[in-house]
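For reference, the chains in residue letters:
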Amino acid sequence: MSTAPSEWPLWEIFVRPKAGLDHKHCGSLHAPDARMAVQLAREVYTRRQEGTSVWVVKSSDITASDPGDKDMLFDPMEDKVYRHPTFYELPDSVNHM
Amino acid sequence: MTAVATSIRVRATPPVQYVLRIADTCLIHAQRLAEWCGHGPVLEEDIALTNMALDLVGQARALLTHAGRLEGQGFDEDQLAFLRDERQVFNLTLVEQPMRRSSAHAPGGDFADTVLRNFLLSTWLNGLWTRLMASSDADLAAIAGKAVKESRYHRQHAGDWVVRLGDGTEESAARLRAALERAWPYTHEMFKRDAVDTAAEAAGLGPARDALHADWQREVAAVFGDAGLDLPADTPFMSTGTLGRHSEHMGFILAEMQSLQRQHPGGHW
Numbered sequence: 001m002s003t004a005p006s007e008w009p010l011w012e013i014f015v016r017p018k019a020g021l022d023h024k025h026c027g028s029l030h031a032p033d034a035r036m037a038v039q040l041a042r043e044v045y046t047r048r049q050e051g052t053s054v055w056v057v058k059s060s061d062i063t064a065s066d067p068g069d070k071d072m073l074f075d076p077m078e079d080k081v082y083r084h085p086t087f088y089e090l091p092d093s094v095n096h097m
Numbered sequence: 001m002t003a004v005a006t007s008i009r010v011r012a013t014p015p016v017q018y019v020l021r022i023a024d025t026c027l028i029h030a031q032r033l034a035e036w037c038g039h040g041p042v043l044e045e046d047i048a049l050t051n052m053a054l055d056l057v058g059q060a061r062a063l064l065t066h067a068g069r070l071e072g073q074g075f076d077e078d079q080l081a082f083l084r085d086e087r088q089v090f091n092l093t094l095v096e097q098p099m100r101r102s103s104a105h106a107p108g109g110d111f112a113d114t115v116l117r118n119f120l121l122s123t124w125l126n127g128l129w130t131r132l133m134a135s136s137d138a139d140l141a142a143i144a145g146k147a148v149k150e151s152r153y154h155r156q157h158a159g160d161w162v163v164r165l166g167d168g169t170e171e172s173a174a175r176l177r178a179a180l181e182r183a184w185p186y187t188h189e190m191f192k193r194d195a196v197d198t199a200a201e202a203a204g205l206g207p208a209r210d211a212l213h214a215d216w217q218r219e220v221a222a223v224f225g226d227a228g229l230d231l232p233a234d235t236p237f238m239s240t241g242t243l244g245r246h247s248e249h250m251g252f253i254l255a256e257m258q259s260l261q262r263q264h265p266g267g268h269w
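Those protein sequences? They're chains A and B, same order as listed.
Each residue of the first sequence is one higher than the last, beginning at 1 in the working numbering.
Each residue of the second sequence is one higher than the last, beginning at 1 in the working numbering.
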């Protein structure tokens, strides 16, 4: 896919809502370079105190799984319940697992 | 029948006028930036310009409320914003100049005018807020402490645009240079010391305008260097908005801002 040279590249925006939490993907925007993408992400996605940190990644730098491979990649996990850690009895003193 | 609000008349003592100068500069600059709402060159920058306008409105509101307390007749922020006549409004003349829309007497209306003016002003305001944090007036110092974070961002964002346009294409560089020629004569007023400044300085209220010049020039020159722009020579022209004597554009912008409150006094939604 090609874009017209006059068009700004697309960036994917990740925002960390507060310290200790992960950056989460929240959308995308157009910007001429990474520095301006950070500023515009701040303008567009953190207007209501949603964030304490922003990551930007050029959309074209993301390698994604092929939607056509979805069955092959993800369906085999359906019947492997033993991979969930639900077969253990936890002592009461362990509160948060 | 609609009532028509009559103008208020403030007692513009030196400290009141000192605070109103800053408040009005923020307010009128916000109004000009807000003219971009829905017209930005790209969606993202449209939101950025509007966010900055809202920051400035917030600063103006805090300062107008404070000016009302200093003035002593009990005027609130809305009365001060919407019921003062032109001669009692004390913004820098630069901010009332047309920005997005050009006019016969002020060509412009270019995105470069917006970027450049926002950069010159946010650099000036940032220097002013930084010094006002040490004001003998605790309220003013608190307002400055909050505002300085906003002006720092405005300066960075506008400065990045100045470099982008100046160091961009021939077309963008030419437009930026033209915008600089239009704006530069009005910067003289930003550093003009008068009796109001001297009184504020003596009382520890805040800096005199000429004290802001050296830092401002250094910071502007650094960004201009990256943008391939030369700092223009000073011009003799001296605008007088801070004295309440404005350019021909002021009446129009005040009419746009004030007509609703004047026809529906105290109206709110």
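Read the hints as simulated data drawn from the structure, not as lab findings.
Do not rely on the hints blindly, as some may be mistaken.
Claimed, not checked - Simulated pairs of lysine to any residue, SDA-like, Cα-Cα distance not exceeding 25 Å:
(1) K18/A - R35/A
(2) K18/A - R152/B
(3) K149/B - V15/A
(4) K58/A - V38/A
(5) K18/A - W8/A
(6) K24/A - P67/A
(7) K24/A - D66/A
(8) K149/B - D66/A
(9) K24/A - H213/B
(10) K58/A - W8/A
(11) K58/A - G40/B
(12) K149/B - W8/A
(13) K149/B - S59/A
(14) K146/B - R42/A
(15) K149/B - Q39/A
(16) K58/A - W216/B
(17) K149/B - R42/A
(18) K58/A - K192/B
(19) K149/B - K58/A
(20) K18/A - Q156/B
(21) K80/A - D61/A
(22) K18/A - V148/B
(23) K58/A - K146/B
(24) K149/B - T13/B
(25) K149/B - T235/B
(26) K149/B - C37/B
(27) K146/B - T65/B
(28) K24/A - Q217/B
(29) K146/B - E50/A
(30) K58/A - T65/B
(31) K149/B - V44/A
(32) K146/B - H213/B
(33) K149/B - V38/A
(34) K192/B - W216/B
(35) K70/A - S59/A
Here's how the hints hold up against the structure:
no. : hint            : verdict
1   : K18/A - R35/A   : 22 Å, holds
2   : K18/A - R152/B  : 22 Å, holds
3   : K149/B - V15/A  : 20 Å, holds
4   : K58/A - V38/A   : 11 Å, holds
5   : K18/A - W8/A    : 30 Å, violated
6   : K24/A - P67/A   : 21 Å, holds
7   : K24/A - D66/A   : 21 Å, holds
8   : K149/B - D66/A  : 44 Å, violated
9   : K24/A - H213/B  : 44 Å, violated
10  : K58/A - W8/A    : 11 Å, holds
11  : K58/A - G40/B   : 23 Å, holds
12  : K149/B - W8/A   : 28 Å, violated
13  : K149/B - S59/A  : 31 Å, violated
14  : K146/B - R42/A  : 18 Å, holds
15  : K149/B - Q39/A  : 14 Å, holds
16  : K58/A - W216/B  : 35 Å, violated
17  : K149/B - R42/A  : 14 Å, holds
18  : K58/A - K192/B  : 47 Å, violated
19  : K149/B - K58/A  : 28 Å, violated
20  : K18/A - Q156/B  : 24 Å, holds
21  : K80/A - D61/A   : 33 Å, violated
22  : K18/A - V148/B  : 23 Å, holds
23  : K58/A - K146/B  : 33 Å, violated
24  : K149/B - T13/B  : 29 Å, violated
25  : K149/B - T235/B : 32 Å, violated
26  : K149/B - C37/B  : 23 Å, holds
27  : K146/B - T65/B  : 15 Å, holds
28  : K24/A - Q217/B  : 41 Å, violated
29  : K146/B - E50/A  : 19 Å, holds
30  : K58/A - T65/B   : 45 Å, violated
31  : K149/B - V44/A  : 18 Å, holds
32  : K146/B - H213/B : 23 Å, holds
33  : K149/B - V38/A  : 17 Å, holds
34  : K192/B - W216/B : 14 Å, holds
35  : K70/A - S59/A   : 21 Å, holds
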